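Chemist: In order, the protein sequence lines correspond to chains A and B.
Using full-length UniProt numbering, the first residue of the first sequence is number 1, and each one after it goes up by one.
Using full-length UniProt numbering, the first residue of the second sequence is number 1, and each one after it goes up by one.
Keep in mind that the hints were calculated from the coordinates and are not lab data.
There may be inaccurate statements among the hints.
Unchecked claim - Taking lysine-lysine pairs in the DSS-like style, the calculated list, with each CA pair at most 30 Å apart, reads: (1) Lys365/A <-> Lys426/A; (2) Lys60/A <-> Lys191/A; (3) Lys60/A <-> Lys319/A; (4) Lys48/B <-> Lys364/A; (5) Lys387/A <-> Lys48/B.
None of these values were measured; they are calculated from a predicted model.
The residues making up each chain are set out below.
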Amino acid sequence: MIFQDAAAYAASGFAPKVCVIGAGPAGITIARKLATAGIPVVLLEAGSNEWTEESQDAYKGVTIGDPYFDLDSTRLRYFGGSSNHWAGWCRILESYDFEPKTYIQNSGWPIRRSDIDPYFDETYDILGLSPFRPDVPVTDNFRLFQVIKSEPVRFGEKYAAELEASKTIAVVLNTEVTELSGDGRSVTGGKLWSRGQAAGEIHAPYFVVATGGLENSRLLLWSNERSNGGVVPNAAALGRYWMEHPMYITGDALITNQAFELDHEGEAFFMPSPEAMARLQLPNFHVQLETAPYRGVKALIANMTCYAAPETTEWLSHKLGQRLQCTARVHMDWEQLPREHNHVALSATEHDAAGVPRIALHWKKDESDRRVMLEGMRLFGEEFARKDLGRIHISDWVRNGEDYPDGMELAGNHHMGGTRMSDDPKLGVVDRDCKVHGMSNLYVGGSSVFATSGQCTPTTTIVTLALRLGEHLSRTISNS
Amino acid sequence: MTDAKTKRSTRRSFLRTLLAIPATAFFFRNIRLTEHDDIVEVDGWILKRSDIL
Ligand SMILES: Cc1cc2nc3c(=O)[nH]c(=O)nc-3n(C[C@H](O)[C@H](O)[C@H](O)COP(=O)(O)OP(=O)(O)OC[C@H]3O[C@@H](n4cnc5c(N)ncnc54)[C@H](O)[C@@H]3O)c2cc1C
Numbered sequence: 001m002i003f004q005d006a007a008a009y010a011a012s013g014f015a016p017k018v019c020v021i022g023a024g025p026a027g028i029t030i031a032r033k034l035a036t037a038g039i040p041v042v043l044l045e046a047g048s049n050e051w052t053e054e055s056q057d058a059y060k061g062v063t064i065g066d067p068y069f070d071l072d073s074t075r076l077r078y079f080g081g082s083s084n085h086w087a088g089w090c091r092i093l094e095s096y097d098f099e100p101k102t103y104i105q106n107s108g109w110p111i112r113r114s115d116i117d118p119y120f121d122e123t124y125d126i127l128g129l130s131p132f133r134p135d136v137p138v139t140d141n142f143r144l145f146q147v148i149k150s151e152p153v154r155f156g157e158k159y160a161a162e163l164e165a166s167k168t169i170a171v172v173l174n175t176e177v178t179e180l181s182g183d184g185r186s187v188t189g190g191k192l193w194s195r196g197q198a199a200g201e202i203h204a205p206y207f208v209v210a211t212g213g214l215e216n217s218r219l220l221l222w223s224n225e226r227s228n229g230g231v232v233p234n235a236a237a238l239g240r241y242w243m244e245h246p247m248y249i250t251g252d253a254l255i256t257n258q259a260f261e262l263d264h265e266g267e268a269f270f271m272p273s274p275e276a277m278a279r280l281q282l283p284n285f286h287v288q289l290e291t292a293p294y295r296g297v298k299a300l301i302a303n304m305t306c307y308a309a310p311e312t313t314e315w316l317s318h319k320l321g322q323r324l325q326c327t328a329r330v331h332m333d334w335e336q337l338p339r340e341h342n343h344v345a346l347s348a349t350e351h352d353a354a355g356v357p358r359i360a361l362h363w364k365k366d367e368s369d370r371r372v373m374l375e376g377m378r379l380f381g382e383e384f385a386r387k388d389l390g391r392i393h394i395s396d397w398v399r400n401g402e403d404y405p406d407g408m409e410l411a412g413n414h415h416m417g418g419t420r421m422s423d424d425p426k427l428g429v430v431d432r433d434c435k436v437h438g439m440s441n442l443y444v445g446g447s448s449v450f451a452t453s454g455q456c457t458p459t460t461t462i463v464t465l466a467l468r469l470g471e472h473l474s475r476t477i478s479n480s
Numbered sequence: 001m002t003d004a005k006t007k008r009s010t011r012r013s014f015l016r017t018l019l020a021i022p023a024t025a026f027f028f029r030n031i032r033l034t035e036h037d038d039i040v041e042v043d044g045w046i047l048k049r050s051d052i053l
């Protein structure tokens with residue numbers, strides 16, 4: 001069933017066991033998983049079937065710290081969520097990403113990758129993927145790994161017909177939860193706003209917040225403020241440890257022996273081994289070689305002399321020219337460390353149309369970001385030369401610690417942390433089952449639960465965790 | 001003691017590298033040794049020592 005607003009839904013008399021808030025990849029996946037166990041779910045979606053200026057306006061906010069995307073362009077607020085414009089690049093966090101590291105403060109998840117393994121097949125099915133090919137070691141310290149560049153699944157489009165036909169899931173469009181109420185032990189209800197006005201309350205035995213990696217923090221911070229700490233009783237970490245994947249072009253490559261496979265877009269992705277990361281005390285990162293559409297030394301020199309030391313580049317190009325197979329830009333994405341001070345806060349002055357404070361995102365890269373960029377490039381470059389695969393040039397701004405350049409991608413649009421998973425309520429908001437610490441009926445779906453971010457795109461892991469949460473909740477409900 | 005030894009050997013290998021770089025390469029501006037004897041970083045290029053002999 002799909003209802004167009006809260007009034008139409010209220011008239012239906014539908015009695016949900018679970019209220020899932022937000023119909024993006026996480027919310028839709030959790031609702032479908034619950035429905036397969038016969039559990040009635042109401043799935044509330046703030047936006048409509050398509051993009052509207054009014055709905056999107058609620059996502060406006062400010063970023064304090066480093067330059068970041070406008071908060072209303074880095075996500076979409078309508079049925080299907082940001083899957084309406086995601087690129088479809090898929091990869092699951094590595095086993096190593098879940099493990100605590102002595103040299104990274106607050107690293108480690110309370111679960112291991114083996115806890116999400118059982119949900120891979122279903123995840124592949126949802127995202128239209130084949131299983132990932134095994135990594136290929138190419139040097140002592142680097143592995144070539146597969147990023148699946150899938151035909152991006154638009155969750156709203158893909159599942160609209162199924163949800164429309166479902167008797168177990170009631171989707172309610174144009175209906176947002178402005179705040180949850182709670183008594184410090186459980187959520188007692190949620191206030192609704194639909195078609196520009198207050199629309200009463202929603203009640204259900206269980207609630208799942210799945211409104212996206214920025215919005216989950218916003219909704220819970222506001223709800224907690226309104227109920228005097230009754231929604232997230234242990235709120236030390238709420239909104240905090242927010243992370244992105246910074247990404248920049250950090251150099252160039254001359255490839256003289258292409259002993260590794262490029263994907264259909266002429267790109268290859270390399271990840272350091274856990275041993276190399278531990279030895280250098282680096283977080284995870286990847287190096288992406290984007291081979292250039294041009295071949296030959298002249299074009300390379302013309303291009304490179306603009307920014308690399310001209311005499312050196314020219315000399316080197318001639319020297320290697322005979323063996324040159326192709327050239328590439330070197331692009332790096334890395335794991336940002338979970339820092340308490342990077343956080344989602346509520347604006348003290350700005351509110352959206354429903355009266356909810358807008359987001360003030362505090363986000364700043366630090367010396368660890370600089371270090372992983374430079375040390376990562378050096379490690380990769382040294383290995384590349386030693387194996388005679390080619391030669392790497394590190395961009396001057398990276399070596400000299402200059403400002404991050406304007407006009408590059410800067411980050412992945414990956415919003416992680418804010419309600420991170422931890423066994424310790426002081427360091428996390430949800431427990432290993434994605435249940436809010438201290439609350440009996442409140443759960444969180446999406447990448448806001450990531451304890452650390454790894455180096456890869458988040459949505460595959462989001463779907464996997466959503467399936468796990470759906471199954472856990474089905475079991476909990478059946479046993480109760 | 002270990003520190004002094006490391007410093008000495010780093011200085012020695014740096015000198016060795018400089019000596020190994022031919023005159024034609026003097027326009028290189030910025031040389032950094034790496035932990036591998038056979039690899040040097042020159043103006044941001046990570047090269048095999050044999051590249052610049
Ligand atoms: C340009 C771009 C490219 C990307 N490319 C990739 C990629 O290649 N690979 C990858 O893995 N990831 C990518 N991502 C990230 C990916 O889109 C997100 O990880 C994913 O959409 C998150 O899913 P979600 O369900 O947690 O949140 P969302 O997709 O944000 O969905 C949340 C839903 O909740 C609704 N909502 C919000 N507030 C409320 C409320 N109060 N009440 C009711 N409903 C509410 C929203 O309207 C939305 O539908 C990209 C993102 C962008 C912006």
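Chemist: Run through the hints listed earlier and report the numbers of any the structure violates, in increasing order.
Modeler: Hints 3, 4 are the ones this structure does not satisfy, whereas the remaining hints hold.
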